[in-house]
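Number of protein chains: 2
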Amino acid sequence: MKSDFTQRLFTEQEQDLLFEIIMSRRDVRGNRFLPKEIDQETTLKIIQAGLHGPSVGFSQPWEFVIVKNPETKQQIKASFNTENTKGADQFCEEKKDTYTNLKLEGIEEAPLNIAVFYKPKNTPVLGQTSMPNMGRYSVVCAIQNMWLMARSLNIGMGWVSILDPEKVKTILNSPKENELIGYLCFGYTDMFYDQPELELKKWDTRKPLNEVIIEEKY
Amino acid sequence: MKSDFTQRLFTEQEQDLLFEIIMSRRDVRGNRFLPKEIDQETTLKIIQAGLHGPSVGFSQPWEFVIVKNPETKQQIKASFNTENTKGADQFCEEKKDTYTNLKLEGIEEAPLNIAVFYKPKNTPVLGQTSMPNMGRYSVVCAIQNMWLMARSLNIGMGWVSILDPEKVKTILNSPKENELIGYLCFGYTDMFYDQPELELKKWDTRKPLNEVIIEEKY
Numbered sequence: 002m003k004s005d006f007t008q009r010l011f012t013e014q015e016q017d018l019l020f021e022i023i024m025s026r027r028d029v030r031g032n033r034f035l036p037k038e039i040d041q042e043t044t045l046k047i048i049q050a051g052l053h054g055p056s057v058g059f060s061q062p063w064e065f066v067i068v069k070n071p072e073t074k075q076q077i078k079a080s081f082n083t084e085n086t087k088g089a090d091q092f093c094e095e096k097k098d099t100y101t102n103l104k105l106e107g108i109e110e111a112p113l114n115i116a117v118f119y120k121p122k123n124t125p126v127l128g129q130t131s132m133p134n135m136g137r138y139s140v141v142c143a144i145q146n147m148w149l150m151a152r153s154l155n156i157g158m159g160w161v162s163i164l165d166p167e168k169v170k171t172i173l174n175s176p177k178e179n180e181l182i183g184y185l186c187f188g189y190t191d192m193f194y195d196q197p198e199l200e201l202k203k204w205d206t207r208k209p210l211n212e213v214i215i216e217e218k219y
Numbered sequence: 002m003k004s005d006f007t008q009r010l011f012t013e014q015e016q017d018l019l020f021e022i023i024m025s026r027r028d029v030r031g032n033r034f035l036p037k038e039i040d041q042e043t044t045l046k047i048i049q050a051g052l053h054g055p056s057v058g059f060s061q062p063w064e065f066v067i068v069k070n071p072e073t074k075q076q077i078k079a080s081f082n083t084e085n086t087k088g089a090d091q092f093c094e095e096k097k098d099t100y101t102n103l104k105l106e107g108i109e110e111a112p113l114n115i116a117v118f119y120k121p122k123n124t125p126v127l128g129q130t131s132m133p134n135m136g137r138y139s140v141v142c143a144i145q146n147m148w149l150m151a152r153s154l155n156i157g158m159g160w161v162s163i164l165d166p167e168k169v170k171t172i173l174n175s176p177k178e179n180e181l182i183g184y185l186c187f188g189y190t191d192m193f194y195d196q197p198e199l200e201l202k203k204w205d206t207r208k209p210l211n212e213v214i215i216e217e218k219y
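Keeping their order, the protein sequence lines are chains A and B.
Numbering-wise (the working numbering), the first sequence opens with residue 2 and increments by one.
Numbering-wise (the working numbering), the second sequence opens with residue 2 and increments by one.
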């Protein structure tokens, strides 16, 4: 008889390993990706990690589009180029210089792209009745699972958000009701930085703990 | 000299362990929490996992309010009660019966609550110029890291979303510009289910792979 619960207790060594994976995860861009293919089994492992993410009311409101076709990637990259120029213009001169020198995506360099969509239900969802964003947040939890799983597989992932989500939907023939949550690029890498690239390159500094942890009330 | 990159390659055994933690993570409610305290060091380990989550443009747009005061919890619980009644009313009769029999939160049973807020910047954020939700999504990635870290520490977490976010802000004296992303309850447990509770209780079924994975285009 299959028991309906587990008492699996993780050890300190296992906790440390999870923390090490969390600390080693980076946002990886085209300057670090290698052309080496990611095979189907490995791709599925990454997606399975997402599918075992939490979802509000067990709604599993996610869809994953696996993109490998160079023409499709080229079209996505064109949307990035347009949005990136618009994005850069929002920064003051000094920041803008730094911005334009950063490599912010790896759409074409990454052998595997996955577009992750939120598919809303047209019936009520348990847990989403007071906070309508919960379905979107479930999809984000899936993405974070995929990110960690990829890193453990020694595969880098980059989340490209400098895109027009409506353009991406059109390129991928997405149903109208779907919403793009994340456009993800995956590839083996020549290395992983040991700090976030934007921290290394002094775009911003890490916030001190006392700025982000509040006891009991503001 | 500190190197600025790491070649840490994880092994198959380590990949399997991460997958096991991902698979063992549950949404835990008051029916499973034990009153045992979570000490400060352990609480910080959970928050540190969040702080090493990805954030758009390295913006770290998160704030964590640690709530242990029973009076505060009581007020939060009152908001849950109101929203839960409204939520239940949205379901048809049969589903509503099941809904009202589910224990959907553990606010008072959990020794530790953490309210996680998104703090928007009033200057442009790299990576958020085309997709304004990216800051919120960064906070969700932090929460998913916390969830996994807690599970590895053999601590259950429940994400309570049946709350009026504005009421929670008022209760916690939150600055007006902050937005509640997740209200999290943490505690040791008597056990972890080996499936999502809503799957076990037949609220919904797991979607087949071919419904959520799309090759190249819709």
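Be aware that a few hints might be false.
Because identical chains cannot be distinguished in the list, a pair is counted as satisfied if it fits within a single copy or across any two copies.
[What the hints assert, rightly or not] Straight-line C-alpha distance at most 25 Å; calculated DSS-like pairs for lysine-lysine: (1) Lys97 with Lys78; (2) Lys46 with Lys177; (3) Lys218 with Lys69; (4) Lys46 with Lys96.
Please keep in mind that the hints were generated in silico from the structure rather than gathered at the bench.
These figures come from a predicted structure and were not determined experimentally.
Indices of hints not satisfied (ascending): 2, 4
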